[in-house]
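Construct the entire structure; sequences and hints are all you get.
Residue numbers (our numbering), protein chains in the order written: chain W, 1 to 263; chain C, 1 to 371.
Please keep in mind that the hints were generated in silico from the structure rather than gathered at the bench. It is possible that some hints are incorrect.
Simulated restraints on C-beta separations [to be verified]:
hint, chain 1, residue 1, chain 2, residue 2, range
1, C, Phe185, W, Lys119, 30 to 38 Å
2, C, Phe238, W, Gly240, 52 to 60 Å
3, C, Arg261, W, Val115, 52 to 60 Å
4, W, Met73, C, Val31, 25 to 33 Å
5, W, Arg135, C, Val228, 34 to 42 Å
6, C, Pro258, W, Asp194, 31 to 39 Å
7, C, Ile109, W, Val22, 54 to 62 Å
Even glycine gets a Cβ: it sits at the ideal position worked out from N, Cα and C.
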Amino acid sequence: MSSYDHNPIVEMRDIEKHFGPVIALNGVSFDVRPGECHCLLGDNGAGKSTFIKTMSGVHKPTRGEILFEGKRMDFASPRDAMEAGIATVYQDLAMIPLMSVTRNFWMGREPVRRVGPLKFMDFKTANEVTMEEMRKMGINLRSPDQAVGTLSGGERQTVAIARAVYFGAKVLILDEPTSALGVRQTANVLATIDKVRKTGIGIVFITHNVRHAMAVGDRFTVLNRGKTLGTAQRGQITPGELQDLMAGGQDMVELEGSLGGTV
Amino acid sequence: MSEAMGTIDERVKETSRLRRALIRPELGAIVGTIAVFVFFIVFAGDSGMFNAQGVLNWSTVSAQFVIIAVGACMLMIAGEFDLSVGSMIGFAGMSIAIMAVTLGWPVWIAILLTFALCVAIGAVNGWIVVRTGLPSFIVTLAFLFILRGFTIFFPQLIERQTIIGGIDRAAEGDWLAPVFGGKVFGFVFDWLASIGAIDVFERGTRAGEPIVDGIPMLIIWALALVAVAHVVLTRTQFGNWVFAAGGDAQAARYVGVPVNRVKILMFMFTAFCACVFATCQVMEFGSAGADRGLLKEFEAIIAVVIGGALLTGGYGSVIGAALGALIFGVVQQGLFFAGVESSLFRVFLGVILLFAVILNTYIRRIITGER
Chain W
1 MSSYDHNPIV EMRDIEKHFG PVIALNGVSF DVRPGECHCL LGDNGAGKST
51 FIKTMSGVHK PTRGEILFEG KRMDFASPRD AMEAGIATVY QDLAMIPLMS
101 VTRNFWMGRE PVRRVGPLKF MDFKTANEVT MEEMRKMGIN LRSPDQAVGT
151 LSGGERQTVA IARAVYFGAK VLILDEPTSA LGVRQTANVL ATIDKVRKTG
201 IGIVFITHNV RHAMAVGDRF TVLNRGKTLG TAQRGQITPG ELQDLMAGGQ
251 DMVELEGSLG GTV
Chain C
1 MSEAMGTIDE RVKETSRLRR ALIRPELGAI VGTIAVFVFF IVFAGDSGMF
51 NAQGVLNWST VSAQFVIIAV GACMLMIAGE FDLSVGSMIG FAGMSIAIMA
101 VTLGWPVWIA ILLTFALCVA IGAVNGWIVV RTGLPSFIVT LAFLFILRGF
151 TIFFPQLIER QTIIGGIDRA AEGDWLAPVF GGKVFGFVFD WLASIGAIDV
201 FERGTRAGEP IVDGIPMLII WALALVAVAH VVLTRTQFGN WVFAAGGDAQ
251 AARYVGVPVN RVKILMFMFT AFCACVFATC QVMEFGSAGA DRGLLKEFEA
301 IIAVVIGGAL LTGGYGSVIG AALGALIFGV VQQGLFFAGV ESSLFRVFLG
351 VILLFAVILN TYIRRIITGE R
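In structure tokens form, the structure reads like this:
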């Protein structure tokens with residue numbers, strides 16, 4: 001993978017995040033390089049959500065530093081992170097179902113056309129670009145006025161990904177994009193991830209599903225109880241080992257024994 | 001990439017044109033408006049409801065509803081309610097009366113200060129809602145009582161009565177008052193009377209003048225507010241933010257929409273609309289009463305819901321809300337023309353509200369594909 005020739009786009013060093021007496025993150029280091037898919041795995045409560053929220057500017061780290069393209073950054077808001085090129089696609093907050101695909105796609109960055117002193121939203125451009133970008137991702141919309149609610153879960157994720165890519169994301173954080181999807185839909189989203197990665201965008205793929213991670217991941221970092229348990233390259237680790245790391249080791253073996261197979 | 005994403009899913013049926021037409025927020029209101037007009041043309045066609053005076057009568061009443069419905073509509077699409085609209089109407093009217101009559105200030109100053117005061121109160125409403133995260137239902141319910149209480153308290157304290165009159169005299173020669181209380185296009189009606197298209201007074205001091213001598217500014221305000229709000233909502237960036245703020249505030253925040261600012265601005269706009277209503281009313285009646293505007297907040301919300309907006313926000317149409325208000329005005333006045341007991345109007349309201357909400361819920365299911 002050529003991505004190792006590059007320096008990381010984002011590097012998080014020894015990030016700690018405390019919420020009052022609760023230590024949600026206790027020294028997490030993580031980086032993502034252009035054109036790679038770096039999977040962040042962890043069980044519920046491992047701190048995945050807190051970590052990506054820190055990365056995307058929602059939370060400020062209590063300790064540790066964030067480097068963006070080698071420079072130290074302090075994101076005051078998600079908007080700052082977004083402008084730097086860190087886009088986040090949240091699992092269920094990606095899209096507004098009642099609004100059209102175009103309105104969702106451009107939400108927050110609407111193209112504006114001036115008529116004298118008045119500014120209007122340029123729907124012609126907006127619709128054309130939306131249709132074109134969706135076609136690139138392999139979705140043929142019936143019409144750009146179609147409400148997002150009429151799309152399937154996988155398609156909604158794809159709209160959100162297409163939106164981030166179109167607006168120049170350098171790093172794309174995907175928060176459990178496959179967790180609520182069926183088999184076919186999951187395959188589609190994973191294929192989209194692969195496509196986006198090939199354009200040189202660094203992807204942070206958060207999941208607790210080892211098989212989904214193995215399908216597209218270049219590197220794997222496991223988070224447990226607010227700490228990183230280590231990062232592995234593709235081919236250096238088996239799905240079973242990854243699963244054990246996530247669950248925190250031994251007791252999982254016993255559980256699986258009693259269930260008769262890998263969970 | 002799998003095939004299924006590139007091609008149209010064979011299980012999604014082509015939607016019929018009828019079904020697509022159904023997925024418009026205004027549809028119910030359009031059908032309702034037609035039904036209401038057909039009904040009254042059949043049952044009250046010869047009662048004078050559709051001559052010049054009759055049309056002016058129900059247009060004026062409808063325009064009142066339209067003005068507050070436009071504000072309520074924008075706010076509801078942004079995901080909030082304002083239950084203090086009715087109290088705000090009473091409060092604004094009383095504010096103008098106290099400043100112009102009791103304090104003797106020029107009417108234009110009274111009007112401008114009242115607008116500033118009301119819009120500021122709207123901003124406070126909005127600020128509390130976005131700051132505390134409390135439902136706007138509760139916050140504005142509190143203001144319903146606070147504002148109504150002051151509206152009764154101040155005139156009693158100052159004038160020992162709950163109605164302050166004499167605004168018409170104070171407003172004579174004022175430059176701003178006619179913008180709310182005046183009439184326009186009088187020459188059109190003079191001409192219509194001269195060709196015999198509308199009736200003229202036959203006796204009295206105004207003999208020879210047309211019965212309808214102009215379009216009240218109230219109606220002009222209503223039309224202007226609908227036009228501006230509709231364009232802003234459907235054609236501008238800000239309009240997209242209004243939909244986004246009501247559709248899913250968190251999702252909108254994540255992509256950088258200034259949700260709090262949008263919501264506060266919509267509370268201010270609702271207060272502005274209430275103030276327009278109040279000013280027009282005060283200029284028309286020449287007085288302000290502490291009981292003005294009672295229940296108007298609910299009437300506005302009903303008009304908006306009949307117009308196809310969802311109570312949960314994120315979906316609706318200003319045109320629909322205006323048609324909802326028109327249905328309101330036409331039925332209220334139409335029942336009077338048709339000689340029906342006016343209390344039945346409330347029955348009608350309740351029934352149509354129920355139907356509208358059920359229809360809207362069904363439409364939302366179509367849009368979002370929920371089952």
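Outcome of range test on Cβ distance (W:Met73, C:Val31; 25 to 33 Å)
violated (55 Å)
Confirm or reject the claim that W:Arg135 and C:Val228 have a C-beta distance inside 34 to 42 Å.
holds (36 Å)
Measuring from beta carbon to beta carbon, are C:Ile109 and W:Val22 in 54 to 62 Å?
This hint holds: roughly 56 Å between Cβ atoms.
Distance restraint hint 31 to 39 Å, applied to the beta-carbon atoms of C:Pro258 and W:Asp194
With a Cβ separation near 35 Å, C:Pro258 and W:Asp194 satisfy 31 to 39 Å, so the hint holds.
Could one say that the CB atoms of C:Phe238 and W:Gly240 fall in the range 52 to 60 Å?
Check passed, 54 Å falls within 52 to 60 Å.
Between C:Arg261 and W:Val115, does the beta-carbon spacing fit 52 to 60 Å?
Check failed, 24 Å falls outside 52 to 60 Å.
Range first: 30 to 38 Å. Now tell me if the beta carbons of C:Phe185 and W:Lys119 are that far apart.
For W:Lys119 against C:Phe185, whose Cβ atoms are near 32 Å apart, the range 30 to 38 Å holds.
Hint compliance for this structure: hints 3, 4 are not met, and every other hint is.
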